[in-house]
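Peer 1: Here the sequence shown is numbered in the working numbering, starting from 553 and rising by one per residue.
None of these hints come from the bench; they were simulated from the model.
Warning: the hint list may mix true and false statements.
[Claimed, not checked] List of simulated lysine-lysine pairs, BS3-like, C-alpha gap at most 27 Å:
#	residue 1	residue 2
1	Lys925	Lys936
2	Lys811	Lys979
3	Lys671	Lys754
4	Lys618	Lys662
5	Lys811	Lys622
6	Lys671	Lys622
7	Lys976	Lys920
8	Lys976	Lys826
[Said to hold, decoys possible] Here are the computed distance ranges between Cβ atoms for each label pair:
#	residue 1	residue 2	range
9	Lys618	Lys753	15 to 23 Å
10	Trp667	Gly986	31 to 39 Å
11	Lys982	Thr649	46 to 54 Å
12	Glu668	Ala829	24 to 32 Å
All values reported here derive from a predicted model rather than from experimental measurement.
Note that CB positions come from ideal geometry on N, CA and C, so glycine has one too.
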Amino acid sequence: MTSSGSLGVPRLKRRDRPHFVLSLQILCIFLFTFFVPAAAPAEITAVGIAKKATGTLVVVRADGVKERFKGKGALALFEGDDLRTDKRGGALIELDTGIQAGLNRNTSLKIVSRWEKEKGTIRILRLKQGMLWVKTTGGLKQLEVETPVAIAVVKGTEFVIEILKNGNCTLKVIEGLVEFGTAFGTCPIRTSTVSYAVKGKKCTKAVIADVKRAANWTAELRGAERTVAEQAASLPTFWPPPDASTHQKIPRELLASDKTRTYTWANVAARLEKALADNGYSSPGYYAVPEGFALISQLERINQDATPASPEVRWKIKVDPVSIKQFNLDAYLKALLGADAGLFRVIAFVFTPVPIVTRGKANIEEAKLWVGKGGSTLPQVLAKQVYGEDMEATALIYEFEVPRHAKTARLNKPSQRNGQQHLKAAKILKALGG
């Protein structure tokens with residue numbers, strides 16, 4: 553069968569070569585099977601837990617295994633999981649970064665991640681259909697929500713995003729800031745605004761809207777927990793404020809002077825209330841504004857130099873000539889010829905980190921009711937909020953004038969006095985230590 557070659561190596565005859573090749577292949581397979589180590593399975597990264605489902609939450613793992621979750625618990629969630637709720641209810645999940653997300657009925661998403669050198673790991677919720685509520689706490693979080701037409705980049709916020717039946721999506725920001733982007737550009741969407749993303753177009757400009765009820769469907773998922781925005785709903789809103797006659801920033805040191813102390817919204821409000829009370833003002837009206845609050849004084853009659861009118865007429869809109877105790881011919885004629893002629897003022901103190909853009913006209917008939925329509929105090933949840941370094945206090949001054957013989961008042965815009973002069977004339981800055 554064989555013969556030796558010149559080097560002593562057996563030489564196969566032609567008819568035996570196929571059997572030798574087959575034997576060699578079998579030997580290679582044997583050696584590869586037993587001596588080559590098997591590849592290590594891909595590492596599975598835990599990304600959070602499912603905490604509650606009011607219907608059935610179906611979780612499809614990356615390997616295709618399905619798990620069903622109902623009621624309360626702590627079902628582990630991993631990178632690559634697909635989540636889907638049914639028509640009977642939603643689900644509440646919490647990511648490892650502390651971010652909470654609520655899936656409404658008939659909602660599906662996939663959890664993935666991306667790593668960037670500057671930002672590290674960024675969690676991504678890839679929304680496929682339905683409605684998603686997201687809330688972050690404790691500062692900025694690395695999270696993105698992707699939809700087929702837009703991406704929402706979270707920057708410390710609470711919002712609701714929904715994929716509509718036509719494939720477009722809508723974003724409602726309850727609190728904070730969301731960078732809402734499509735392939736055609738990015739729009740910063742802030743508190744109490746709504747934007748839409750349409751296929752093939754840039755997201756729409758943010759529109760002021762009442763978004764407080766946008767997350768009401770999550771109440772059952774979260775149980776007794778309610779958001780700041782929801783609990784603040786007991787206050788009427790003063791946003792956007794109407795155009796003012798003038799305005800003035802109030803330095804932080806006049807409201808929160810001790811840099812070693814943590815101030816709350818209640819601390820700041822109490823300090824301003826005292827400054828007002830020391831100068832004859834009654835209790836102000838409280839209003840809600842994005843990420844803050846407003847405090848509005850009552851309508852008062854003022855002199856040409858912006859100082860308050862004498863006590864007997866300061867709070868009267870209509871003045872009887874005989875009520876003027878210290879006779880002044882000009883004041884007497886004004887009262888006689890035009891019963892409510894003169895200058896009037898309302899001051900709205902707005903505390904928020906959000907830029908104030910006034911819109912619309914103010915009229916005296918509405919302004920005189922602001923103090924009465926506002927809340928008598930801050931709700932407890934707002935009172936306990938920390939007065940952060942980014943908060944700004946702005947006094948919006950509304951100065952109205954009722955000319956002699958005129959039936960309607962007009963807003964003086966601008967006022968002949970600037971904002972600082974108004975606050976000094978009212979002695980409010982002095983009461984604050986300024």
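Peer 1: State for each hint whether it applies.
Peer 2: Do the hints match the structure? See the list:
| no. | hint | verdict |
| --- | --- | --- |
| 1 | Lys925 x Lys936 | 23 Å, holds |
| 2 | Lys811 x Lys979 | 25 Å, holds |
| 3 | Lys671 x Lys754 | 26 Å, holds |
| 4 | Lys618 x Lys662 | 14 Å, holds |
| 5 | Lys811 x Lys622 | 49 Å, violated |
| 6 | Lys671 x Lys622 | 35 Å, violated |
| 7 | Lys976 x Lys920 | 22 Å, holds |
| 8 | Lys976 x Lys826 | 16 Å, holds |
| 9 | Lys618 x Lys753: 15 to 23 Å | 37 Å, violated |
| 10 | Trp667 x Gly986: 31 to 39 Å | 50 Å, violated |
| 11 | Lys982 x Thr649: 46 to 54 Å | 47 Å, holds |
| 12 | Glu668 x Ala829: 24 to 32 Å | 53 Å, violated |
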